[in-house]
Amino acid sequence: MNCQEVQPRLLDYQRGRLLEPAALEEIRAHLEGCTACAREEAGEQALTKALEERLPQHPAPLALKRSLAAQWPMRSVPRPSWWSLWGRSLVPAFAVAAVLLAVMPLYYQHAILSQGSGPGMVAEAVNDHLRILSSQHPLDIESGGMHQVKPWFEGRLDFAPVVSFLGDQEFPLQGGAVGYFLDRKSAVFIFHRRLHAISLFVFRAGDLPWPARGGEPLGNTEAYTTVARGFNVILWQSGELGYALVSDLDRQELTQLALKLAGAA
Amino acid sequence: MAGDARGASWLLKARKEYSGDSMEHGGEGSRAALGHEALAYADTLYNLARYLTGNQTDAEDLVQDTYTRALQGAAQFTPGTNLKAWLFRILRNTFISHYRRQRHNPTIGGLDTVDPTAQGPTREEWLRDDLELERLRKVVGAEIERALMTLSEEARTVILLDLEGLTEVEVAQIVGCAVGTVKSRLARARAALRLLLKDYAR
Numbered sequence: 000m001n002c003q004e005v006q007p008r009l010l011d012y013q014r015g016r017l018l019e020p021a022a023l024e025e026i027r028a029h030l031e032g033c034t035a036c037a038r039e040e041a042g043e044q045a046l047t048k049a050l051e052e053r054l055p056q057h058p059a060p061l062a063l064k065r066s067l068a069a070q071w072p073m074r075s076v077p078r079p080s081w082w083s084l085w086g087r088s089l090v091p092a093f094a095v096a097a098v099l100l101a102v103m104p105l106y107y108q109h110a111i112l113s114q115g116s117g118p119g120m121v122a123e124a125v126n127d128h129l130r131i132l133s134s135q136h137p138l139d140i141e142s143g144g145m146h147q148v149k150p151w152f153e154g155r156l157d158f159a160p161v162v163s164f165l166g167d168q169e170f171p172l173q174g175g176a177v178g179y180f181l182d183r184k185s186a187v188f189i190f191h192r193r194l195h196a197i198s199l200f201v202f203r204a205g206d207l208p209w210p211a212r213g214g215e216p217l218g219n220t221e222a223y224t225t226v227a228r229g230f231n232v233i234l235w236q237s238g239e240l241g242y243a244l245v246s247d248l249d250r251q252e253l254t255q256l257a258l259k260l261a262g263a264a
Numbered sequence: 000m001a002g003d004a005r006g007a008s009w010l011l012k013a014r015k016e017y018s019g020d021s022m023e024h025g026g027e028g029s030r031a032a033l034g035h036e037a038l039a040y041a042d043t044l045y046n047l048a049r050y051l052t053g054n055q056t057d058a059e060d061l062v063q064d065t066y067t068r069a070l071q072g073a074a075q076f077t078p079g080t081n082l083k084a085w086l087f088r089i090l091r092n093t094f095i096s097h098y099r100r101q102r103h104n105p106t107i108g109g110l111d112t113v114d115p116t117a118q119g120p121t122r123e124e125w126l127r128d129d130l131e132l133e134r135l136r137k138v139v140g141a142e143i144e145r146a147l148m149t150l151s152e153e154a155r156t157v158i159l160l161d162l163e164g165l166t167e168v169e170v171a172q173i174v175g176c177a178v179g180t181v182k183s184r185l186a187r188a189r190a191a192l193r194l195l196l197k198d199y200a201r
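Line by line, the protein sequences are chains A and B. In this text, residue positions in the first sequence follow numbering that gives the first Met the number 0: the first is 0, and each later residue adds one. In this text, residue positions in the second sequence follow numbering that gives the first Met the number 0: the first is 0, and each later residue adds one.
Treat the hints as calculated values from the structure; they're not laboratory data. Bear in mind the structure is a predicted one, so any value in this text is a computation, not a measurement. One should not assume that every hint holds.
What the hints assert, rightly or not - Under 7 Å between C-beta atoms, here's a sample of chain A residues computed to sit facing chain B: (1) Leu-54; (2) Pro-55; (3) Val-95.
C-beta: ideal position from N, C-alpha, C; glycine also.
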């Protein structure tokens, strides 16, 4: 083979695409004896290496991949038989969903509210507190003090939350939010004690399964104190309002805050 | 960006044209399996789209459209053949029919129009120089990308498809020409790229 025959086949030679052993051997022999072709081969190799190792690769953006993945199954449905097939299975599904929608609130009320003597309320208080801890934005209003937080609730609740403690250096008020306590709206106040977050839920007290006994005096009222999932929980009533105080703070310090909140400190 | 506006109008046109039910529908099972496999090539397809269009917005639109067309034409894919090559062909056809003609090509037109012998002496000249080879070995990624982008779209396509490990037969099917044409087009494209890189590295 001469240079004109060898050079067009160099890429095939490098890629291992030359299957005939004779041609392969001829090229190898030519490269050993021809400096020009050897350099050409080295140049081709250097280019391949540069492209393979240094040419920037642009991967598809994640948003595009997600959109493609969503498109594929979605776009495969418009066959005529699709609706009839799915329609048949959707009708019973909708029926079940409708029954569940009707029954679930009743069941929920029965299950949660009728657990008697407080555990349902305690569990709810802990769950609400956990939701606040895990929320990225737990506060609807950042505290500038209770005088800012309390008026903020006006028009957002069907009651006025009565809280006599405004927060102090020991228990600074961080802010407030509107939440739900079981089946009703609640005013949520977040206090802090060192690194501990403390949630206070204030809600209408009527028709709730308050604990019948086990109460301890808290100012003019009685408080029910317990531990659930590692959190201390204090429940009490004052007039028409109910209060639930939850934190991983120790019981004594939490009681101290409860006394302040109940206006007994 | 002007490119975005051009891309958008191109896409609108493409979507209108391909949203019809003209293509045959395949079985749902095979379609789902095909979809799963096809999505694995999103990065590779996007990379080529990026080098063809030169910008992210158009590349995304092009890939999106490629998948839409692939989905609509799923029944035309022969199981057991090269899915990657099939997707590349759809991408390239979409690019050609809806994009390229609206865009002024900044470079030498088709490489096929370039007389191969015209480049001969220059090429040999620099290749004889070991220093030039050394420069090629030191050229950085951004320079390679810049050089590649100044080549014609045909040259970029064959270089990138070759880099993807596709055979000349597969490349010929993708770009719709004879295997011999691919061979010569690739050789010329690589030679042109080496010349450019030599200049960048100087």
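Exercise. Going back to the hint list, which numbers does this structure go against?
Worked result: 3
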